[in-house]
Amino acid sequence: MHLAWLRLSGFRNYDSLEIEPDIGVNILVGPNGAGKTNILEAIAYGSKLRSFRSSPDESLVSTNAEAAVLRLGIERAAGEGRIEIELPRNGRRRVLFNGKRPQRSSVLAAEFPVVAFLPDDLGIVKGGPAGRRELLDELASQLTPTTGADIDQFKKVLRQRNSLLKQAGRSVDVMTLDVWDERLATFGARVLLHRLTLLTAMAPVLRESYATVSSANGVLGWRYDSSWAAGCTPNTPQSEAESLLREALLRRRERDMDMRSTSVGPHRDEPTFLLDDRLTRNQASQGEQRSVALSMRLAAYYLLEERHGRPPVLLLDDVFSELDVERADGVMALMPRGQVFVSSAREDEVPVGGRRWSVSGGTVT
0 MHLAWLRLSG FRNYDSLEIE PDIGVNILVG PNGAGKTNIL EAIAYGSKLR
50 SFRSSPDESL VSTNAEAAVL RLGIERAAGE GRIEIELPRN GRRRVLFNGK
100 RPQRSSVLAA EFPVVAFLPD DLGIVKGGPA GRRELLDELA SQLTPTTGAD
150 IDQFKKVLRQ RNSLLKQAGR SVDVMTLDVW DERLATFGAR VLLHRLTLLT
200 AMAPVLRESY ATVSSANGVL GWRYDSSWAA GCTPNTPQSE AESLLREALL
250 RRRERDMDMR STSVGPHRDE PTFLLDDRLT RNQASQGEQR SVALSMRLAA
300 YYLLEERHGR PPVLLLDDVF SELDVERADG VMALMPRGQV FVSSAREDEV
350 PVGGRRWSVS GGTVT
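According to numbering that gives the first Met the number 0, the sequence shown is numbered sequentially starting from 0.
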């Protein structure tokens, strides 16, 4: 599977862009601010339907455009696919896959899997649990589209319950809240079990990945802390997990009414990286944290390749300038496996050959 062509209009600093990348390594070279990362962002958006910079959609539209349009042609085992996305400055986003609206946003993540190594990945290791929850949910959606549907439904129900609490507080209609609690318990239990299943599958791959990028002794793993689902495993019956969340919501109901938000559920769980039983967030060195960040992306790459029978598209945004030789070698081991896009201000910082693209002021040659 690979990206056959990319066409942009009104996206970031590109009034118009059309490229047909190589099926192997593509190196985007240019000064800072030239638009290298914008190309990677567009490719990732075609898979994940969101910016990897966490930017709102309206910020992706060029200053002199009314809408940003992204078109991607992908080659896959099932044949050619076409992704079309329109992001108006005002109004709703329009997404088409092969001319039809996908039923779920997670469909594109599975049809066009992308793994991005970003300078900000260190923040997932060092920061709060929200980034790690998002990492797990994103990977789970890429592996199985139906998982993405469950995650989307959970988020939708959570928003609706929170909206009800925010509007009514202690005046909330209890019977209405019961309905939302039941739905939240159903989809919350599914999200929990999806995450635990993924962590179990990811464990040996994560250990192997850490050994690839670091010569230091150490075993990398996960711990999943949950105030309502302690003791749950991937084999826990869904009905049991639903009962646990339903009971926790009932216990917290008075507090939720006062705080006007939902205080318990998968959105409050805390997945954490462990290196030899040490919390990597605050008990690992900067070098160890960087190895952990690389390992999590490598593990995602390996799992996606195994699940889909083909390597995902790999995006490397200015990562080699931050890596020592050992960690760079670990990333380079992936490059012969599939299509790669590398951005760098200096070509000599990229320790691999490939098709070179010169990026300058919104043009690519």
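If you're looking for bench data, these hints aren't it; they were derived computationally from the structure. Even glycine gets a Cβ: it sits at the ideal position worked out from N, Cα and C. Watch out, some of these pointers could steer you wrong.
Listed below are the simulated DSS-like cross-link pairs for lysine-lysine, each with C-alpha atoms no more than 30 Å apart in a straight line [what the hints assert, rightly or not]: (1) 99 with 154; (2) 99 with 155; (3) 155 with 165; (4) 154 with 165; (5) 125 with 47; (6) 99 with 165; (7) 99 with 125; (8) 47 with 154; (9) 155 with 125; (10) 99 with 47.
Quick list of the computed label-pair ranges, beta carbon to beta carbon [to be verified]: (11) 30 with 233: 42 to 50 Å; (12) 357 with 83: 50 to 58 Å; (13) 277 with 254: 30 to 38 Å; (14) 169 with 95: 44 to 52 Å; (15) 126 with 98: 56 to 64 Å; (16) 355 with 167: 53 to 61 Å; (17) 234 with 206: 34 to 42 Å; (18) 55 with 233: 32 to 40 Å.
Open item on the list: Between the alpha carbons of residue 99 and residue 155, is the straight-line distance 30 Å or under?
Closed with: 23 Å, holds
- [ ] Could you see if the CB distance from residue 126 to residue 98 stays within 56 to 64 Å?
- [x] Given range 56 to 64 Å: violated, Cβ gap about 40 Å.
Task: Assessment of proposed distance window 50 to 58 Å (beta carbons of residue 357, residue 83) - done: 27 Å, violated
TODO: Would you mind confirming whether the straight-line C-alpha gap from residue 155 to residue 125 stays at or under 30 Å?
DONE: 28 Å, holds
Open item on the list: Range first: 32 to 40 Å. Now tell me if the beta carbons of residue 55 and residue 233 are that far apart.
Closed with: 35 Å, holds
Open item on the list: Within 42 to 50 Å: is that where the Cβ-Cβ distance between residue 30 and residue 233 falls?
Closed with: 48 Å Cβ-Cβ, so the 42 to 50 Å window holds.
- [ ] Mind checking the alpha carbons of residue 99 and residue 165 for me, to see if they're no more than 30 Å apart?
- [x] Between residue 99 and residue 165 the Cα gap is close to 36 Å, so the pair fails against 30 Å, i.e. violated.
Open item on the list: Check the hint pairing residue 99 with residue 154 against an upper bound of 30 Å on the C-alpha distance.
Closed with: 24 Å, holds
TODO: Verify the proposed pairing of residue 154 with residue 165, using a straight-line Cα cut of 30 Å.
DONE: 16 Å, holds
Task: Range agreement (Cβ of residue 95 with Cβ of residue 169, hint 44 to 52 Å) - done: About 45 Å separates the Cβ atoms of residue 169 and residue 95, which means 44 to 52 Å holds.
Task: Holds or violated: residue 125 to residue 47, with C-alpha atoms at most 30 Å apart - done: 23 Å, holds
TODO: Decide if the proposed pair is consistent with the structure: residue 99 and residue 47, CA atoms, cutoff 30 Å inclusive.
DONE: 17 Å, holds
Hint check: violations occur at hints 6, 7, 12, 15, 17; the rest are consistent with the structure.
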